[in-house]
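Engineer: We have chain A already, so just place chains B, C and D on it with the hints.
Protein chains: 4
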Amino acid sequence: MRILYSGESHMEAVIAVIEGFPAGFHVDVGRINRDLAMRQDGYGRGDRMKIESDRVEIYSGIINGMTIGSPITLVVRNKDVRRESWNPEDRRTIPRPGHADFAGATKYGLDDFRLVAERASARQTASWVAAGSLFTQFLEEIGIEIIAFVESIGDVKTGHIEDPFVLKEKIESSPFRIPDPGIEDEMKSLVDRTKEDGDSLGGVFCVVARGCPAGLGSYNHPDRRLDAMLASAFMGIPSAKGVEIGAGFKSAGLTGSGMNDGMEMHDGKVVRKTNNAGGIEGGVSNGEDIIVRCAAKPIPTVRRKIPSIDFNTETPADSPYIRADVCVLPAMSVIGESVMATVLCKSFLERYGCDNMELIRRNFL
Amino acid sequence: MRILYSGESHMEAVIAVIEGFPAGFHVDVGRINRDLAMRQDGYGRGDRMKIESDRVEIYSGIINGMTIGSPITLVVRNKDVRRESWNPEDRRTIPRPGHADFAGATKYGLDDFRLVAERASARQTASWVAAGSLFTQFLEEIGIEIIAFVESIGDVKTGHIEDPFVLKEKIESSPFRIPDPGIEDEMKSLVDRTKEDGDSLGGVFCVVARGCPAGLGSYNHPDRRLDAMLASAFMGIPSAKGVEIGAGFKSAGLTGSGMNDGMEMHDGKVVRKTNNAGGIEGGVSNGEDIIVRCAAKPIPTVRRKIPSIDFNTETPADSPYIRADVCVLPAMSVIGESVMATVLCKSFLERYGCDNMELIRRNFL
Amino acid sequence: MRILYSGESHMEAVIAVIEGFPAGFHVDVGRINRDLAMRQDGYGRGDRMKIESDRVEIYSGIINGMTIGSPITLVVRNKDVRRESWNPEDRRTIPRPGHADFAGATKYGLDDFRLVAERASARQTASWVAAGSLFTQFLEEIGIEIIAFVESIGDVKTGHIEDPFVLKEKIESSPFRIPDPGIEDEMKSLVDRTKEDGDSLGGVFCVVARGCPAGLGSYNHPDRRLDAMLASAFMGIPSAKGVEIGAGFKSAGLTGSGMNDGMEMHDGKVVRKTNNAGGIEGGVSNGEDIIVRCAAKPIPTVRRKIPSIDFNTETPADSPYIRADVCVLPAMSVIGESVMATVLCKSFLERYGCDNMELIRRNFL
Amino acid sequence: MRILYSGESHMEAVIAVIEGFPAGFHVDVGRINRDLAMRQDGYGRGDRMKIESDRVEIYSGIINGMTIGSPITLVVRNKDVRRESWNPEDRRTIPRPGHADFAGATKYGLDDFRLVAERASARQTASWVAAGSLFTQFLEEIGIEIIAFVESIGDVKTGHIEDPFVLKEKIESSPFRIPDPGIEDEMKSLVDRTKEDGDSLGGVFCVVARGCPAGLGSYNHPDRRLDAMLASAFMGIPSAKGVEIGAGFKSAGLTGSGMNDGMEMHDGKVVRKTNNAGGIEGGVSNGEDIIVRCAAKPIPTVRRKIPSIDFNTETPADSPYIRADVCVLPAMSVIGESVMATVLCKSFLERYGCDNMELIRRNFL
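Protein chains in written order, with our numbering: chain A, 1 to 365; chain B, 1001 to 1365; chain C, 2001 to 2365; chain D, 3001 to 3365.
Just chain A, same shape as in the assembly (with noise of 0.2 angstroms):
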């Protein structure tokens, strides 16, 4: 399966082409919908949000609801379209440090960072929830489900978790998306707070897949590695500073007895006492609950003034503010499950085939 994005913030839309997806797959499109909502939504969201309600469009590849094996294109338009603002005398010439101005114009070779930063923007992500949410489908279709949840925002931090799958509801009906409402006024007002202060927050969101076979992923190249392949999502993912897969970090300090997750046999089936690994051993999924976790940095455009440079006089200039949010880790953690999704689905794909639902269904059941 390849996949393409693209799309710009203020041209036509953001797209999504997948090639390679198995025919005779039905496709719910209000769960897509549903899904770009969510990602919409979540406490500290700034006006962009408000403009757009994203709604996918079907330009190929689904006829009657079902996938027919050829590529398919997922485009969601954008609202506020400038197909006339483009006046080379409005250029932009101080990058905003944080985000990808300066960089990505070196690249690129461009003099206007309204040019980077038209695609160096969250809105692409648009695109990978449409696709995500086909993929989420068919996963859960074979028996795979997937959670996102906030961990911390700033310095609060929800509790610890015993199983998210429990608390889903709680979860998406949270502004926070988190699984822990009695913190959610605390995080309220260090929103609103942050907000005043013309700054932004970070924090750290978890991403959980339940009923994955073991036997995704490969230990025989570093690239087909489960675990490599979900970090690249993850640190992917616009803001990612951070991934980890089970105990993470924190498995640096244990020793090889504290870290190995024990086996045991009941009923036929291998059952595990604790699941440091994250589901993952050698690169490879081992039937356990597979968990992702992600640093996200704060969202870069701040009104509190930033030292920079104005590339046309090369003399120093604030960074400009640009409509921004707050906050993004709600929206991040939706991300999070659509880039799950992908690597999922396309991991099982290669073991189990990806021409069309009866193969697959012949092969994994």
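Simulated from the structure, these hints should not be mistaken for lab results.
Computed Cβ-Cβ distance ranges for the label pairs, DEER-style: (1) C/G2143 with D/E3057: 46 to 56 angstroms; (2) A/G211 with C/R2083: 34 to 44 angstroms; (3) A/R55 with B/T1313: 55 to 65 angstroms; (4) D/E3057 with A/G65: 53 to 63 angstroms; (5) A/G159 with B/G1159: 31 to 41 angstroms; (6) A/G211 with B/S1189: 40 to 50 angstroms; (7) B/G1159 with A/K188: 34 to 44 angstroms; (8) A/G65 with C/T2313: 23 to 33 angstroms; (9) B/G1159 with D/E3057: 48 to 58 angstroms; (10) D/N3275 with C/T2313: 17 to 27 angstroms; (11) A/K269 with D/D3163: 46 to 56 angstroms; (12) A/G211 with D/G3030: 39 to 49 angstroms.
Only pairs whose alpha carbons sit at most 30 angstroms apart, straight line, appear in this in silico DSBU-like list of lysine-lysine: (13) B/K1079 with D/K3079; (14) D/K3250 with C/K2305; (15) A/K250 with A/K269; (16) D/K3346 with C/K2346; (17) A/K168 with B/K1250; (18) B/K1170 with B/K1250; (19) D/K3250 with C/K2195; (20) B/K1250 with A/K195; (21) D/K3250 with C/K2188; (22) A/K170 with B/K1250; (23) A/K195 with B/K1273; (24) A/K157 with B/K1250; (25) C/K2157 with C/K2170; (26) B/K1250 with A/K188; (27) A/K305 with B/K1269; (28) B/K1305 with A/K250; (29) A/K250 with B/K1250.
Beta carbons are placed, not taken as given, at the ideal position from N, Cα and C, and that holds for glycine.
Structural biologist: Quick look at chains B, C and D alone, frame taken from chain A:
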């Protein structure tokens, strides 16, 4: 540039084939052997390391010490070759929790866990280091230097380091590859104690690249982001459970104004006061030091008993003990240097062309 | 550079997404539409062509007429969209021999041959031509020109052509895209007669690229050979059954001394007396004209009865007739121009870098 | 499945690394050696073939004769290794027209044409044949048989063959790999005469695969078409200048009703009266014999003088003569068998999964 790695622990050799490396580059084979030796060094290694003393053999792609543009084959022979010892009657039927044994045998339909362990072994990283040494040499020629060092083993941590490059000699002469000789004794006694306990240790290492031009990687597609490629490469190292870039997980607790690395112009050059981004903004290198930190879980194979299952009888059994190291953090940091070099070299060649050094010099310099 | 094409004949659109095209290139959208029109032209087309009059819409990647480095999305809408007409009761159960119907339904587990024919249709080539026009424009900017023309339709053949570029106007104004107006009447009467017969025609077309620098492609790996990439691209055109480079099948009957294109030096430039190699030696462009010839079988859908099977009843049935062209050689030659441009552009960017036009100009010129 | 080939003519070895081949397959190493010997056989070979007598060495991926899922490394050592003979003073500065010399040196910025010829040599195909033998064995296990034979050398052609599989013994025992012993004397005298003339010969060979299930390849993307993949693979064989599928170039002169292979149902099976499609419709295998024909130009290196240039002095010079074969059609047909096996195996594994034989059998049978 495409790379394939192959080779088991007790078959002929581990091998790297590198297709698409530029012609006209002069390779120092002695340097490859030195880097291979560094991978085998370090306090806390087991007996295997005394058996192996790795030397690279060039099977193709380099004539008279110069690359000619054709695929390069690097062969590192195994000393401990067991051509005759794979009697199916001796098959191992008890997997080691924490190791690829169980998940790998499920994937490949194998009923002998020895066959998984042949490839799912740190031995394969010798071929990564051989290739990585070639890439490191290339990067040094164009002005990019990389250093890797250990930050912690178990709960023993080095202090904060201002600039690892000035401590290079200390790091490379330390049995723990730490920049801070004051804690070597503490680390030694921790390793010795753990060895006696029949247990193993994890830790954290850090890799820094200096001199990398702005413009490697891209925000345009998630799999082309430099941070995503680094996350994949580091998480792909056996035992890695966490990866972070720059401030990493700490950035989750910062505000935007605390996180963003303000820019100044000094003598026509962009200068930053901080480097929380770790040299990557929007998935693109920004010219600052690229900083990756990686958490390693303890080696899974320990003398202490871990509950497992004999899959032959489906009854409880202790995880088998197989000759193993107690702590491989120094080696892992060397591997980390290699994977950093691999990712940067690949990204560099994508930007500046990969046919021959003459074209690269014209384009880059 | 990665490209994905998508889209069916009667869904929303056919689409091309191009990831990795350089920034800073100025695109002539009118030219894309002109090239799309050329694909629809030609004597012998059926009714479909009168319905469609393709126009490209830029969904992403181009702002103010300039590429910005981000993925480019080209959308060519279908006029004849059938959102509501996929009633399973109307499913088609008789495949057309010569068409993808049977093989495709087997692959994708489909029981309605209409669903195969939606994608397995020359309609998808509209998106190739849209993308190809972009690549052609790029190649022209760096001095590479491409021309495509028809050599034969059925048994009517053009005479030998010395230099197709001097005949460009003739070719582009000919309803058969032939350089030889003297045989147009003969071709017309053949097409008319065949149409009356309820039959269809194949033919041969030729594509020539001039100005291509030596050094594209590589002998180092079979899939990187320029001739292999061209063979794949041309054989990938619907209805293609044969591809040859330079002297092609004729070279099988030559001796080495008759085949080899002797070299001379004129004014510091390498000059060849012949071009039997078709501009490619050892899988690498050698600076001479690149010449590809492609055989197209006749359109499979004909009014004449072809024995087939009704898979619903497993009884004999006539192959169904569906609106179709009699002869598409002129269109195929235009598509051939596009695939030649696609392969050359890709190979050029691999050699000279793909980030932005400034770097490419520095490296190439 | 990913494959990389490496190795020069006079360095250590030619090598194939195959990543992603299923575990649990039993390999016949003797068969690989037999196939390697077939590549070296044939009337008209030069001295090199007497020097080499290729044997495969398994460096990785196969234990006790069984694949274990890890990357397979096949090494075929060169007999004529020249480690010391690359004195730059002996560099060759006159390219051979028809050979990669000039184009390759331009690509890689080399000033010694010997360095191009090291890799741009038919020697590399030994590693393709070693890998191809593995794939052939796999295909035979699942019921797919392949045969390759020569159709013409120079202007001497075999007659029409009804079914090459019944002539397998004749083909394999013929010094020309022709199914038609009656013309062997004529071919011999042509080869002898050409050798005396200091010239070389080309020809045409054909490869047929029987038993291939319908459903390999796809019309959904041009690079996934089975015909496109075969065209790339065959045109990638050194000296190939033309490729055709089924009726190939002849189909250009047929009408649709003459071309289409009508279908009948016999005993619940689809039967065709003709196979003009060569087993591929719409880029997908249709269950019939897959037929590929390939034109090979004559070997470029000949004793007869070809005008060239000494690039050291920029003056006219004769193309140098280097030990070479007169005619390699028999060898090329063996290579053709290998590339057919490679493409079909890859396509089969994409459809039916590639992890292990057990899963493949469940899915396929």
